[in-house]
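4 protein chains.
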Amino acid sequence: MIKIGIVGAGGYAGETLIGILLRHPEAKIVWLMSEEAHKGKKITELYPHLKGEIDLVCQTLDDLDKNLGSVDLVFLALPHGIALNYVPKMIKAGKKVVDLGADYRFDDEAVFKKWYNLDHPDKAVLAEAVFGLPELFKDKIKKARLIGNPGCYPTASILGTAPLVAKNLIDRSTIMIDAKSGVSGAGRGVKQTTLYCERNDGVMAYAVTSHRHMGEVDHILSKVAGEKVGVTFVPHLIPQDRGILATIYAKITNDKLRMTNEGIIQIYKEFYKDAPFVRIYPTPCTKNVRGTNYCDIGVEINREKGTVIVMSVIDNLVKGAAGQAVQNMNLICGFEETAGLKQIALYP
Amino acid sequence: MIKIGIVGAGGYAGETLIGILLRHPEAKIVWLMSEEAHKGKKITELYPHLKGEIDLVCQTLDDLDKNLGSVDLVFLALPHGIALNYVPKMIKAGKKVVDLGADYRFDDEAVFKKWYNLDHPDKAVLAEAVFGLPELFKDKIKKARLIGNPGCYPTASILGTAPLVAKNLIDRSTIMIDAKSGVSGAGRGVKQTTLYCERNDGVMAYAVTSHRHMGEVDHILSKVAGEKVGVTFVPHLIPQDRGILATIYAKITNDKLRMTNEGIIQIYKEFYKDAPFVRIYPTPCTKNVRGTNYCDIGVEINREKGTVIVMSVIDNLVKGAAGQAVQNMNLICGFEETAGLKQIALYP
Amino acid sequence: MIKIGIVGAGGYAGETLIGILLRHPEAKIVWLMSEEAHKGKKITELYPHLKGEIDLVCQTLDDLDKNLGSVDLVFLALPHGIALNYVPKMIKAGKKVVDLGADYRFDDEAVFKKWYNLDHPDKAVLAEAVFGLPELFKDKIKKARLIGNPGCYPTASILGTAPLVAKNLIDRSTIMIDAKSGVSGAGRGVKQTTLYCERNDGVMAYAVTSHRHMGEVDHILSKVAGEKVGVTFVPHLIPQDRGILATIYAKITNDKLRMTNEGIIQIYKEFYKDAPFVRIYPTPCTKNVRGTNYCDIGVEINREKGTVIVMSVIDNLVKGAAGQAVQNMNLICGFEETAGLKQIALYP
Amino acid sequence: MIKIGIVGAGGYAGETLIGILLRHPEAKIVWLMSEEAHKGKKITELYPHLKGEIDLVCQTLDDLDKNLGSVDLVFLALPHGIALNYVPKMIKAGKKVVDLGADYRFDDEAVFKKWYNLDHPDKAVLAEAVFGLPELFKDKIKKARLIGNPGCYPTASILGTAPLVAKNLIDRSTIMIDAKSGVSGAGRGVKQTTLYCERNDGVMAYAVTSHRHMGEVDHILSKVAGEKVGVTFVPHLIPQDRGILATIYAKITNDKLRMTNEGIIQIYKEFYKDAPFVRIYPTPCTKNVRGTNYCDIGVEINREKGTVIVMSVIDNLVKGAAGQAVQNMNLICGFEETAGLKQIALYP
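Sequences listed follow chains A, B, C and D, in order.
Take the first sequence: its position 344, counted from the start at 1, is 343 in numbering that gives the first Met the number 0, and no numbers get skipped.
Take the second sequence: its position 22, counted from the start at 1, is 21 in numbering that gives the first Met the number 0, and no numbers get skipped.
Take the third sequence: its position 272, counted from the start at 1, is 271 in numbering that gives the first Met the number 0, and no numbers get skipped.
Take the fourth sequence: its position 285, counted from the start at 1, is 284 in numbering that gives the first Met the number 0, and no numbers get skipped.
Among these hints, one or two may not hold up.
Copies of the same chain look alike in the list, so a pair counts if it works inside one copy or between any two.
Unchecked claim - Keeping only pairs whose Cα atoms sit at most 20 Å apart, straight-line, the calculated SDA-like set for lysine to any residue is: (1) K2 to K166; (2) K272 to E134; (3) K141 to I90; (4) K91 to R144; (5) K255 to T208; (6) K142 to R302; (7) K255 to S172; (8) K113 to G305; (9) K272 to G51; (10) K190 to E34; (11) K227 to G305.
Treat the hints as calculated values from the structure; they're not laboratory data.
So that you can see chain A by itself, here it is in the shape it has in the complex:
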């Protein structure tokens, strides 16, 4: 059993992580940290559904020094700009780290600075971070000790788009990603925009041209393509707790216009043949992955219009956050990739 510390336990990603790790055959949670306001509170005060499951009290990052020695691996689930001040110390202390925030997702400092307007205090540590999307970077992840866990939108968007880009099937300047997310992606912090009455029975776009996850998608898809790729990415809030559906549109390149649905489905199945958490079938619904680490993908061609449409669904808190973080832990620790992640979707 490896010993685990969780920083950011009070948020939805942190709480989801606790739920997964409590049933993980190889991991044991040793301590939890959260924000100042939670200091000294039992995690079950914040989340009564955990009663009877765990009995830890929240500490804060001020308590890191006296706690770091007791764990093998730390998960951080924090707003961007905090982890980068603490992770170098963890790495130097020989700990493995999976950061669920944005601080270690970019191996290009300039790109990180463009989107987050922050500098990294320790470039050496940054240099060894690996983008934790196992379906694309499994070999690197296995050798890493610091993982930048992908964002929720990028997970759905990149997994949906990567085969198109890698196999050169589309005009890369025409990629349009319409992403629809449940409200939990916005976290548990109090804001007028995430009040029940503001979101129920309504849908709207936000951050139409400026969402930071667009930078992450561009950065990773460019790696996949081997050349610069820039997508149009528009996120939307829909009235549900969990789940992201990214519907991806692109024009098919002229030489591929005769591609059939069967053909492209086969390309996707082949591309993800070693990915235990990717399933390919038509028109997936977010309900089918609720509470699971799956990314379900459907793909169809509109022959008359010369376009391809991909639908990629995940549970934003599992494959889009805590589940993928555990998948990364499994890989860097040499556990079975699916350990602790075999939940079946809660349906309906």
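We have chain A already, so just place chains B, C and D on it with the hints.
For chains B, C and D alone, kept in the frame of chain A given last:
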């Protein structure tokens, strides 16, 4: 007061129509018709919320002959393929007709046949039908006596796209329309796919390359453009009762790449300056139009990517069906365009 | 046209009031006041659904002196404890006042103090306040110039229970009121408990033995009974925007055990025969009153168990707040009781 | 590993059972049966979320004879009145049976007939059935081979009320149970009343004096009390997928009026001290038990009114159906009571 008959009163569009007409200053509902199973039932048995508002009993289309004489105008809200058997008789009897179904939306029989696989028994009547989208075709509507009321998706999609196409701002081969609809668009008929537990807390696409409303959008946008336009249109079901958001993506033509947000907003405001039900502002939410006849539109440019994004929201049962039908009635009867349609959105 | 000022325009009750008054045939909104943070903002910035409907800027209570002269009647929709500092000045200036908050609902200062722990600075003004439930106190309301508008839960609870108590049908010590409310009753202020993800897909009770509205129900039902009545009242939050269902249980008195469903329905119909906003029919749903000023009531007897069950539904923001306030305005101003309140439920 | 057959696999309870058993350490699903329309279909066609988890095809009860030999235990999840025709054959073949329907919940034929209007063809088999509520009847269950698995409402209602009745704390004639259920309790069959648009954003009571589960609650609570108990039970539909909250009201007996909250909480904790799936804490929310086998209970006294209020929440498809069925299987097969049932609530 003009006298009104409603065919298809038992569906959500029919019921919404009743609600609007009961408060209309110039109209009086004289009779209601619905499906066989409703024959002889009070409408308030089907819809208890109408208790105290209306006391009519449902008849069926078998009762048309004895009832037609008593009205000036008939609304039909039926599945496609039924109205075309009854409308010619109504027109010949000198009645005005607004058909909320698909039968009279296409002035090209071949296109209608392609999408609906039906022939029109009376081409002369078809020939005088006018597509009832007042923001684009008000002059024709005013002179018509038979209106093909637009579909819900086409209303949001066409109003959102028309300025781009009319003003030649985009590459017309790159139009991608991602439409998200509340479940009421699927009607009140019982189906497993529209059960509460199948739709709550989940989002999915459907009819990804085959939705009939795509044909309607192409047909009308081609008229606006003066040349063939073909969009990629993908509808989605989201967990809410009402409301459609069509998010529209397109590549900007090379000569317009320097267009600003302010510039394009001005183009939209100018285009709709005589449209009492169109409002232009950023990132509209379907909640803002709930229960109203408004179409709220936002438009933004992603300069770096060379794309334009339009968000167009309507209440699918009002502007997307019954409200627009009344707007058309107002125009063909010479009433104020907004008569009976001044509801303020029910928020939250 | 009477001229209206609204204090507390930024909340859901205030916003609902604006929507109703904008279509009222006899009233014109002259100014709006809201909290400090809204000062100088257009109301349409707070509520984009009002664009095109109203163009006023929010002021605050600091601006009261210079504005009071311009209106005939003031609505206040504020948290308790604020109105009582401003209403005396309004009354002395000859204005009519409808207070949607709790400050003027109790004619017994001790009871008010017990539940709200506040003293009234001006007892004379308090003395002339009338509890604004028109179905029970219409004559007094017509003569009043200061109305304490009932709370949302009390409106549903009292209207559902009053006939039982007035007609002496039940053991008054056994009244149990299980009230279920949509989340809008908690207002637009930001709180963790009203976040979308905390309320969606979940139901729970709160303030199980301490909700202030229990005091209001007891106080008014005691007046109706002519002796002290004390109910057990438990509020619940359910995942919907609007609507309250109060399910009311009581043991039937021994001499009434042979009462039939038909009999008790008749009693209710008779009791509310002059109430234009009460409808009696079985198992009403909150959807049937959404957006309306109706209180729909169902009543059934469980003969074997000797109990009566009453179901009383309202829209908490209309009959439970803004609509009832306008109904009271209509009565004190001599307008038709239903003026401006003829909305038909938005269904589905 | 014991071998399992499931009859009624196509419904929500059946599907939930599959999900639990697929992760059960001691059980293996051997065959599935569903309704005629599903014959020959893969279960993953009915429930795509099971793709990659199970690959069985649905048979029907016509295939029972040739399949019965291959299993050790059969679960039946059927509408009432079907199981009683098949269970005797299973029992005589030496199989263990857990029936999730109503057919074996009553050991008194007359009571069963009163509520379901059916006769049992085999009284001997009926005589050995045990009501499968482990928190009350664990010893009997351990020795049984035929379990009548409790209904969803009765599970929440009985667990919430049993301590009050067993410890003689209340006037048993005043028990009022207000039960609120998610829509999945109504099953996956198509009905207008369970359409998304009929249930979303609305709450209503149904079967106000006639719900069959009232008979079940009365029957079992009478056993607990050792004398006849009759409750007033009113079920409600609320807009959520899963979860039941039963709020239970009763007058405290005169000699217990000085009981404190702490005192009664202690009584509940003591009563359920050996129940691994009961948790006691204030105002539980259905979200806290979503996807789990927990029954969370809160209890409070309204001292002024002399009443006790109990809030009892379950996931209707888990503790209210499939989870409890597996708990019963565990007991009759000698497995750990919690085997396969250690899911943590999916929150939010």
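A quick look at each hint next to the structure:
Taking the closest pair of Cα atoms, K2 and K166 never come within 20 Å of each other, the shortest separation being 41 Å inside a single copy and 46 Å across copies. With identical chains, the CA atoms of K272 and E134 are at most 20 Å apart within one copy only, with a shortest distance of 10 Å there and 46 Å across copies. For the homomeric pair K141 and I90, the shortest alpha-carbon distance inside one copy (16 Å) is at most 20 Å, but the shortest distance between copies (53 Å) is not. When the C-alpha separation of K91 and R144 is checked against a cutoff of 20 Å, the pair qualifies only within one copy, where the shortest distance is 11 Å, while the shortest distance between copies is 60 Å.
In this assembly of identical chains, the alpha carbons of K255 and T208 lie at most 20 Å apart only when taken from different copies (18 Å versus 30 Å within one copy). For the identical chains of this complex, K142 and R302 are neighbours neither inside a copy (43 Å) nor across copies (39 Å), given an alpha-carbon limit of 20 Å. Taking CA atoms no more than 20 Å apart as the test, K255 paired with S172 passes in both settings, with 16 Å inside one copy and 16 Å between copies. Proximity of K113 and G305 under a CA criterion of 20 Å is satisfied inter-copy only: 19 Å between copies versus 34 Å inside one chain copy.
Taking the closest pair of Cα atoms, K272 and G51 come within 20 Å of each other only across two copies (13 Å); inside a single copy the shortest separation is 39 Å, beyond that limit. In this assembly of identical chains, the alpha carbons of K190 and E34 lie at most 20 Å apart whether taken from the same copy (17 Å) or from different copies (17 Å). For the identical chains of this complex, K227 and G305 are inter-copy neighbours only, at 15 Å across copies versus 23 Å inside a copy, given an alpha-carbon limit of 20 Å.
Of the numbered hints listed earlier, those contradicted by the structure are 1, 6.
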